[in-house]
Structures are given as structure tokens and as C-alpha cells.
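Visitor: Which chain is which? The protein sequence lines are A and B, in order. Heads up: the first sequence runs through residues 30 to 496, numbered per this note's numbering. Heads up: the second sequence runs through residues 115 to 307, numbered per this note's numbering.
It is worth saying that the hints were derived from the structure and are not from the lab. Do not rely on the hints blindly, as some may be mistaken.
In silico DSBU-like cross-links for lysine-lysine, where the CA-CA straight-line distance does not exceed 30 Å [to be verified]:
#1 A:336 / B:306
#2 B:306 / B:273
#3 B:306 / A:417
#4 A:401 / B:299
#5 B:299 / A:309
#6 A:366 / B:299
#7 A:140 / A:74
#8 A:417 / B:120
#9 A:177 / A:465
#10 A:401 / B:147
#11 B:196 / B:182
#12 B:257 / A:365
#13 B:221 / B:147
#14 A:366 / B:221
#15 A:366 / B:306
#16 A:249 / A:177
#17 A:417 / B:297
#18 A:366 / B:257
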Amino acid sequence: MSKLEEVKNKLNKVGCGFCLAKWTQVTMHLGIGMTHSCHHPSPHKIPLREIQRNPSALHNTRFKKIKRREMLSGKRPDECNYCWNVEDNSNSFSDRIFKSSEPWSLSEYDKIKDSNWKTDFNPKYVEVSFSNTCNFKCAYCGPQYSSKWVEEIEEHGPYNTSTNYNQIDSLREKGEMPYKKSEHNPYVDAFWEWWPDLYKDLHTFRITGGEPLLSKDTFKVLEYIQENWEQNPNLSLAINTNMNVPEKLMNRFIELCQDLSNNNKVRELIIFTSVEGTDKQAEYTRFGLNYETFWNNVDIFLTKLPKVTVNIMATFNALSVFTYSDLIDRVFEMKKKHQNNERYWVSAIQLDTAYLRWPSHLSVKILDDEHKELILESAKKALYYGIKEFTHDNYGFSNVEIQKIKRIYDYSIGNSLFDIEKNKKDFIKFVDELDKRRGTEFINTFPQLKEFYVRNKKGQSLDILAK
Amino acid sequence: MLEIRKGNPWIFWPSSICDSLPENPADKFLNGKYSYSIDLSFTLLDDSAIKKTIFCILPKYTGIDIDKDCITLLVGYSNETKTHILPSVIYPYKKTNIIFDYIYSEKLSITINGILTKEILLTEPLGFDENPHIIFGAGNFPKNGFNLNYTDLELHQFKLSVDGELVSHHDFEEFIFDKSVDKTKNCNFIHKL
Numbered sequence: 030m031s032k033l034e035e036v037k038n039k040l041n042k043v044g045c046g047f048c049l050a051k052w053t054q055v056t057m058h059l060g061i062g063m064t065h066s067c068h069h070p071s072p073h074k075i076p077l078r079e080i081q082r083n084p085s086a087l088h089n090t091r092f093k094k095i096k097r098r099e100m101l102s103g104k105r106p107d108e109c110n111y112c113w114n115v116e117d118n119s120n121s122f123s124d125r126i127f128k129s130s131e132p133w134s135l136s137e138y139d140k141i142k143d144s145n146w147k148t149d150f151n152p153k154y155v156e157v158s159f160s161n162t163c164n165f166k167c168a169y170c171g172p173q174y175s176s177k178w179v180e181e182i183e184e185h186g187p188y189n190t191s192t193n194y195n196q197i198d199s200l201r202e203k204g205e206m207p208y209k210k211s212e213h214n215p216y217v218d219a220f221w222e223w224w225p226d227l228y229k230d231l232h233t234f235r236i237t238g239g240e241p242l243l244s245k246d247t248f249k250v251l252e253y254i255q256e257n258w259e260q261n262p263n264l265s266l267a268i269n270t271n272m273n274v275p276e277k278l279m280n281r282f283i284e285l286c287q288d289l290s291n292n293n294k295v296r297e298l299i300i301f302t303s304v305e306g307t308d309k310q311a312e313y314t315r316f317g318l319n320y321e322t323f324w325n326n327v328d329i330f331l332t333k334l335p336k337v338t339v340n341i342m343a344t345f346n347a348l349s350v351f352t353y354s355d356l357i358d359r360v361f362e363m364k365k366k367h368q369n370n371e372r373y374w375v376s377a378i379q380l381d382t383a384y385l386r387w388p389s390h391l392s393v394k395i396l397d398d399e400h401k402e403l404i405l406e407s408a409k410k411a412l413y414y415g416i417k418e419f420t421h422d423n424y425g426f427s428n429v430e431i432q433k434i435k436r437i438y439d440y441s442i443g444n445s446l447f448d449i450e451k452n453k454k455d456f457i458k459f460v461d462e463l464d465k466r467r468g469t470e471f472i473n474t475f476p477q478l479k480e481f482y483v484r485n486k487k488g489q490s491l492d493i494l495a496k
Numbered sequence: 115m116l117e118i119r120k121g122n123p124w125i126f127w128p129s130s131i132c133d134s135l136p137e138n139p140a141d142k143f144l145n146g147k148y149s150y151s152i153d154l155s156f157t158l159l160d161d162s163a164i165k166k167t168i169f170c171i172l173p174k175y176t177g178i179d180i181d182k183d184c185i186t187l188l189v190g191y192s193n194e195t196k197t198h199i200l201p202s203v204i205y206p207y208k209k210t211n212i213i214f215d216y217i218y219s220e221k222l223s224i225t226i227n228g229i230l231t232k233e234i235l236l237t238e239p240l241g242f243d244e245n246p247h248i249i250f251g252a253g254n255f256p257k258n259g260f261n262l263n264y265t266d267l268e269l270h271q272f273k274l275s276v277d278g279e280l281v282s283h284h285d286f287e288e289f290i291f292d293k294s295v296d297k298t299k300n301c302n303f304i305h306k307l
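The shape of chain B in the complex, shown without the other chains (with noise of 0.2 Å):
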């Protein structure tokens, strides 16, 4: 289990360490080209009514925020992003399981601990950017300074699929030099900011 604190976010850019290592970075497939599905078992430590981001995939940001007890998902076009309110709640202290299904150009789905919550049918893929990371536990890096939106989580287990190949598996029982290891061996590791 991984406890992210206020202020100290975490994220997932494997290929921002070393040019040639991991061979294929995973997040790069985060860049709207490819379609991908995200797993993420969490528990939010934080019920304050302040904004607080779960996870979001930046720099063109497409992410899950929590807004007074409201789930919000921002997806990220090329030139615009679009707000969904969900029809659904995250409860503090509780187990949570977030399915982000994408698939390119076509449907992007979100399932909240099994139920099938939002399927947005797209005209368009979702922003492209080569250098694509998701930051876990608030919404931008904190030396930007804004859209921080920082909150308290545990995070369980993550996964990323691309293609339907697991690509990176982190259950967050192992951790080097501030980096939770990536069971698929692939070096898509999880570290700290």
C-alpha cells in the first residue's frame, strides 16, 4: 500500500529518468493515440469539502477530481477540455476501484467499483501530448503552484493495460529509492515528486 499526503503527490512517468530505460515507457501510451485502461484501487483519506484530485493524466489534463462530494471527470481535447459530472460517490475511508477505459477515438468509460458509471461516445481522440504522466493525489505538479488540488489517499493497486496487454502492475508492497517496482518487471514504476 502506497499513502500519499497532502502536498507529496505521486506519479507515473516512467521514461523521465533515463533516455534509453525502461525500453518501452508506458506512459507514452498515454499520449491519445493508443487506447489504454487504467485500474486503480484507492482509498480516499480525506473528507473535507475542498476540491481534491484523484488522479489525472497531464499535460493535456484528463483526470478524476472529487468537487463537494461531486465525482467529476475532465477528459482533454486537443483544444478544449470538457467537464462530466458523474453519477456516482467516492466515500472516504472506503475501498475504492476506478476502471478508465479508453479506447482511441471511439469510447471512453468509467466504472466505479463494478458499475458501469459513464461511457462518453468521442468525435475526437483525446489530446495528444509526447510526453504524457499521471500524477496521483493532485491535479498539477506543486511547483506550478496552481490547480494543486491535493488530497490523502491510499492507493492499492494499479494497473495499465494498452491493447489489452498489462503493461505495468503496481500492488505497492515494494518500493527502491522512492519508487513503488513494477511487477510486470516492465520498469513503468510509480515514484514520488
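Isolated chain A, as found in the complex (with noise of 0.2 Å):
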């Protein structure tokens, strides 16, 4: 029986929903009060009076408490049918398997199964973003992870797709509008006062954003692990950052990850970060990124720490596909140049290449066969540059690495239920506002898609006249 069977096996014994992540593994978004345990439920907004009494209500939420109840009881949790779906309709193992066969889940199963429901339970895995503020707003994010696009909208309001994108009344009504700044948030006062018990209970610690590295919690994060390491020196921590801050804070927080990482105060210290294509492409997308100064600090890094990787999330979307060969260039000269073998993890930089489907107009699909076949031609140049045997002392593409890249290329040319032609017009109509919003200059920028463009213009111009 393979492990994956007997975590199956044991859980199922509990009941055929119990899943350990509903307590070991949290997700919480403070700048907009919401958590959720893994990803595939949707977060829910933690009630203000909960964490006045207990601030790990952030985690242990009366919703959630409700949810571990249906768990412990043989039950289904509703929100959790991404796993159902799986479990039901196929022989694979669901992520309920996957996430609670963790060494850090699994370890407490015999707690968490003899536990009542009530019981409040520090998660071992937990992700944290503090707010939303960040000096970027990239074309495929919105106001609840950019304090920049909650700029743009309240300026200009929404864009006018047919999907309204990126309103923000839906968010007020919802009461899910992001604290600004200079607002008070209770939700981080609450984080802090639940902190130190936290800490010490940690196997995994993530920081996301907006752009961690503007809000002041980050450091301060830093800077608590800094003089309280002895109480948890095996915490893996990962740190998210769009590697294009102020230098003075990116100094800084250079100088706390080389204390943290030198001197092991954590078991590991990983870096996320972000890019889809190369220099005014690149830029384009992602707004507010200076693509020299984004590989001037991950080469300033990677030279300064020598066992931390930086794991590049890159969202492949319709603006990708006419340089991403050239940032796998990049990437692998990045390999090449800082493969040591101390990292934490086999190489000093990784590509990991994910598909975009929201916003829906910039996803690949709406884009002509010839500029799909790029993306091949991309997967391609990536296996060139792949390694079989991957080690410290070898370098390269890896296999997943290279699999994700091919994986878009399927996805693009894949059949679904995917509305070609009014995500292209919406494509038009988000890129003639973003152009008239930012002083961006389509066209020149990505040349290669004038045809496509004037193509779509002129068939949205024929549509409005019909009509």
C-alpha cells in the first residue's frame, strides 16, 4: 500500500471529509480580514468581535470551528468540493490526501482527531499577507492586492470589459475593501498579539502581499525571528517581494535575510518573486517594475546569500508569449552564474510557470495559433537548457521546470468552454483604457500583436456599427 493509501486509509477512519489542513494550514489575508485554510475554499471574512476575544480567531474562526465540526462528524464541508470532485469523479489522490500527508500535518493527527471542535489549534503552515499596499499594479491583478489599482479605480472606475473589470463596489458591499495604509487594521493588531505563540508552533512561515517589503510587519516579522530564533530554529520561512523597492529597503532587508540565513536562525529561507517576459513587455504587464533593477536585485541576492533561492511565480498570460524565451535566457544565465552547492534548495533560481485564467482577456487562448506556437518554441529552448540529473553541482532546467512551460502550450490549444471572441474584444477594450489610463503605447510595445489588434479593433468597430 502506497503512503498516499494508508494517509487515505487513516483519515477516512475519522470520516471520509476529515482533512488535517483545516487546521494545520491557514491562509490569511489581513488587509481585507479573510482567511481560508488551503487554497481551494474560498476565504471568508473573520467577524471583528472574534478576534477582539481571541486573536487566533484569525485561524480558528467560528466558520471553520463549523467546518472541523462536519469533519470530525463523518460529514462533507461544502466549501471543500474541489477535493470531492476529485475523490468522486476519479482514482487520484485529492489534495485532502496531498496536504495532510505533510510531515507537519500528518504529526498531528492523533491531536487533532481526539480534539473537540471548539478547540482553537495553531496551524503549522500559514501564509500571511498584511496588506495590499504595493507600488505596482500588474494588468492581471486587482485593488485587493494593489493599493496602486485601488488608486486607478477610484480614479477612473472600473474598465469597461464585459466583466467590468476590476470594480471595487462589489468589494465595498461585501465589506471587503482593503484597509488603506494609513487606516487602522485590527485584523494586524490581532496578528501580533497571537505572534509569539504562534512562532514557536511554526513549520512553515509565508509572507505575501501587495509588496511585503512596503509594510512595516514584514520587517518587523524579520526582526522578531532575528532575536527569538532559539524558540523555533527549523521554521522554513519564504518571503514574496516584486525585487523592485526603494534600495534603502531593499538593503535592509538583505541585510536581516543574511543574518537570518548565516547565522541559521530558520531551517530554510526561500524568495518568491515575479516576472512573465523581458524588459518593455515585461514592464507593460507588470506596471510599476523597472526590469534592469529587478535582475540587478536578484543577482545582488543571490551573490549575497548563497544558500537562499529565489523561485520566480511566473503567471503566463497573452503578453508573455513573445519573450519568454528570452527571460529562460535570463534565468538560466542566472543558474549558471550563482549554482553553488549550498543552496537550501537544488538550484539558485527556478522558473515556475503557471497559467493565467483570470482575467480571462489575457489569458493565451485568446491569441492566433502562430503566436501559440511560441510558447513551444519557449518549452523548447528550456529543454535545451534542461539537466538530467539535477544536483548542487549541476545546473539547468528541470524536468517540472520545463513541463510547466509545455503545460501552457496545451492549455492554449486545449479545447473548453473558453469564450474566444468576447475575451478578445475585452482584450481590446483593456488595453485601449490601460494605454489612455498609464500612457502606455500598445502597439510599440508589443509590435508583434498589431495585426491581432487592428484585426479585433476593426471587427469590435463592425459589431457597434451593425448595432
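Join the two chains, each given in its own frame, into one complex according to the hints.
Guide: Set out below in C-alpha cells:
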């Protein structure tokens, strides 16, 4: 019997919906006061009255405790239907099994199964976003994760796409508008109240954003670990950054990371960043980015932190296709330059490519076949940079890195219910409006899409005339 | 041109790096169940009397070796390997062309410098293996430590055709990260071991 099978049987002894992640894992969006355990259920609002009484309600909300009660009494919470679909319609293991199999999760099995559903539990894997403060407004991002986006939408309103892209009225209605940097955020207060107790039990702690380096709370966490690391020297620490914050902040961040890493105050330290193309095209998509500053900072980071790995989370979208191959060259250069046998992870830098699903008007699916072929060419480039035996002494692209790029191509040509024509129209409206609001020049930046733009713009004009 | 030095063989095994690329890796067609043709131009840079391997298909060993000036063709079937002495000579420092032509379960022929040198009528197919590959300049992986038969070679051209279709073509002019670029764009590369 495989280990996963064993874990599945063990979980099912408690109940067919029992999943340890409901206790051991949490992602907290403090800027909007929301939380969820794993990424599959939608985040839910944390009632302020709960955190006033109990700061661990950032994770142990009454809502979540009711879901735990369902799990402990053999029921399947509706919010976890992502996993139930997998379990009912395939022979594959669902994430309920994978997430519960993590050593930091499985070790809590007995404690959790014997616990009362009302009992608070300190999670082992924690992701936190302190605020949406960000100096970027990436084309595929939105007000919940970027204060720059809030400013833009408040000034100009939502985009005139069929989806009213990035409208904030519904956020306001649901009470999900992010706290402004100048506003007092009680969820952050609750975090700090809970933190000393939470920290000592943590396996993994990851800070996301907004841009975490623009949040004083990120530095406060690092300084806390610097002083109190003996309470938890085995922490795996991960921090997201866009690698484009003011030099002073970057230097302070590097200094703190050096202390934590060089003096073994954490078990590992991984930096997550993002980019999906090169030069002007990357800067168009990730508005606020200075492409050369980005690489300069990555280079400094990998030079000054010989144990750290930088992981690029690339959200491959319609604007990535023309320069992704050049990005692969650049990543390879960095792999080559910074490979050593000290890194926490094998590679100095990894390119982790995922496809963009939302907003759908930026999906690669809107593109012409000839553009999609460029994605396959990028995957082939990565393959030529591939390495069979991936060790600390070897560098190159791994099987997984290559496969993830190839998967974008498969996704781009795959059949699905995607409405291509509607999304092409939205794409044209979106870039027209972007250019107007931001003073950018789409055609000059993406000359490869000129014909595509003109053709689809013309189609749109004809539609208007016909109406 | 690709210069292979003793102890540093190169390999044709494009499926070994990534599970989903190349989409139809040509090495898989060497599994004994397909007809294929290998066209290899090379110069032997080794005039020693020590046994040497020009190339071999593994893991069911089928290959061309030179042993004391004799060219030997070893053919691997499912349960045995047969040795054939070829009535020809490969001269060191002289460009040579070998065409290895396999017709599934029917015939194996070897043409050297345009002359049909050996034709073997088969009563069974070549031995099957799911992960076949070709090593140039050795008879085995260095890490295995036996039957290595290293040699010095210059490879000028390699073509692999499957059922008459060219699926991999190397003139060894373009290299990326120790991989010879496949001119067919199928990514059926040859790489350093």
C-alpha cells in the first residue's frame, strides 16, 4: 500500500471528509480581514468580535470550527467540494490526502482526531498578507492585492470590459475593501497579539502581499525572528517581493536575510518573486516594474545570500509569449552564475510557470495559432537548457520547470468552454483603456500583436456599427 | 562537427530530461518494434589496437565496434546477442559513413561508404526495451564501469529516419548547453553524458 493510500485510510477512519489542513494550514488576508485554510475553499470574512476575544480567530473562526465539526462527524463540508469532485470522479488522490500527508500535518493526526471541534489550534503552515500596499499594478492583478489598483479604480472607475474588470463596488458591499495604509487595521493587531504563541509552533511561514517589503510588519516579523529564533530554529521562511522596492528597503531586507540565513536562525529561507517576460513587455504587464532593477536585485540577492533560492512565479499570459524565451535565457544565465552546493533548494533560481485563468481576456487562449507556437518554442528552449541529473553541482532547467512551460502550450490549444471572441473584444478594450490611463503604448510595445489588434479592433467597430 | 574524447561519450536519449518534451521522442522508436535507419558520418581519431565502440544502441546492445582492425556488428535480440564480422575496414583519420538500416523483424543491413557490407535476414525483431538510447564513443555508461570501449571520434552528421521519415538530423554546427541542436526542430538532441 502506498503512503498516500495509508494516509487516506487513516483519514477515512475519522470521516470521509476529514482533512488535517483545516487545522494545520491557513492563509490570512489581513488587509481585507479574510481567511481560509487551504486555497481551495473561498476565503471567508473574520468577524471582528471574534478576534477581539481571541486573536487566533484569524485562523480559528467559528465558521471554520463548524466545518471542522462536520469533518470530525463524518461529513464533507460543502466549501471543500474541489476535493470531493476529485475523489468522486477519478482514482486520483485529492489535495485532502496530499495536504494531510505533509509531515508537519500528519504528525498532528492523533491530537486533532481526539480534539473537541471548539478547540483552538495553532497552524503549522501559515501564509499571511499584511496589506495590499504595492507599488505595482500588474495587468492581471486587482484592488484586493494592490493599493495602486485601488487608486486607479477610485480615480477612473472599472474597466469597460464585459466583466467590468476590477470594479470595487461589490468589494465595498461585501465589506472586503482593503484597509488603506493610513488606516488602523485590527486584524494586524490581532496577528501581533497571536504571533508569539503562533511562531513557536510554525513549520512554514510565508509572507505575501501587496508588496511585503512595503509593509513595516514584514520587517517586524524578520526582526522578531532575529531576536527570538531559539524558540523555533527549524522555521521554513518564505517571502514574496517584486524586487523593485527603494534601495534602502532592499538593503535592509538583504541585511536581515543575511543574519537569518548565515547564522542558521531559520531552517530555510526562500524568496518568491514574479516576472513573465522581458524588458518593455514585462514592464507593460507588471506596471511599476523596472526590468533591469529587478535582475540587478536578484543578482545581488543571490550573490549576498549563497544559501537562498529565488523562485520566480510566472503567471504566463497573452502578453508573455513574445519574450518568454528571452526570459528563459536570463534565468539560465542566473542559474549558471549562482549555482553552488550550499543552497537550501538545489537550484539558485527556479522558473515556476503557471497559466493565467483570470482575467480571462489576458489568457493565452485569445491568441492566434502562430503566437501559441511561440509558447512551444519557449518550452523547447527550456528543454535545451534542461538537465537530467539535477544536483547541487549541476545547473539547468529541471523536468518540472520544462513541463510547466509545455503545459501552457497544451492549455493554449486545448478545447474548453472558453469564449474566445468575447475575450478578444475585452482584451482590445482593456489595452485601449490601459494606454489611456497609464500613458502606455500597446502597439509600440507589442508590435507582434499589431495585426491581431487591428483585426480585432476592426471587428469591434463593425459590431458597433451593426448595432 | 562534434569531437568526442575517450571517456566522454555523447548520447542520443532526448526523452531522458523531460516527461512531456519532445512530444514524440525519437529514441522511443529504437525499441525494436519500429523500422528505422541511422545514417552516421564520422572520423575515427584512434589508431590503437584496443577495442572501441563507434556507437551502440542500449540497453539491448546492438552496435558497431572495432576490434583489432575488424569491424564487428553485435545484434541484440530478446534473449541473446549475435556477433557478425563485417568484411570492411574503417580507417582512422578518414571520414566514414555508416548506414544502419533496420526493417522490423525482417532485415538488418549495414552500408559502409556506400557499399552494402552486411545484410542479415531476421527471424525475430531486435530486442525490445522501453527506454532505448544510442551512445557514441563508448559501449556503456561510464558509471557502469564495464564494456566501455572508449574511443576518440569526430561526428560530422547523424540522421535518424523512422519508417522513411527524418525525425532527427544533426550536423553538429549548433550546440546549446552541451546539446547538439536537432535541425528537424523535433528536439531530438544528442547530449554530453
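Visitor: If a hint holds in the structure, say so; if it doesn't, say that too.
Guide: Here's how the hints hold up against the structure:
1. A:336 / B:306: 29 Å, holds
2. B:306 / B:273: 18 Å, holds
3. B:306 / A:417: 11 Å, holds
4. A:401 / B:299: 16 Å, holds
5. B:299 / A:309: Holds: residue 299 of chain B and residue 309 of chain A sit about 29 Å apart, inside 30 Å.
6. A:366 / B:299: 28 Å, holds
7. A:140 / A:74: At roughly 27 Å apart (the allowed maximum being 30 Å), residue 74 of chain A and residue 140 of chain A satisfy the hint.
8. A:417 / B:120: 22 Å, holds
9. A:177 / A:465: Since the Cα atoms of residue 177 of chain A and residue 465 of chain A sit roughly 16 Å apart, the hinted pair holds (cutoff 30 Å).
10. A:401 / B:147: 34 Å, violated
11. B:196 / B:182: It holds: about 19 Å lies between the C-alpha atoms, which stays within 30 Å.
12. B:257 / A:365: Measuring from Cα to Cα gives roughly 25 Å; hence the hint holds.
13. B:221 / B:147: 13 Å, holds
14. A:366 / B:221: 51 Å, violated
15. A:366 / B:306: Cα-Cα ~20 Å, so holds.
16. A:249 / A:177: 23 Å, holds
17. A:417 / B:297: Given pair residue 417 of chain A, residue 297 of chain B holds - Cα atoms ~22 Å apart, limit 30 Å.
18. A:366 / B:257: Holds, because 27 Å separates the two Cα atoms, which is no more than 30 Å.
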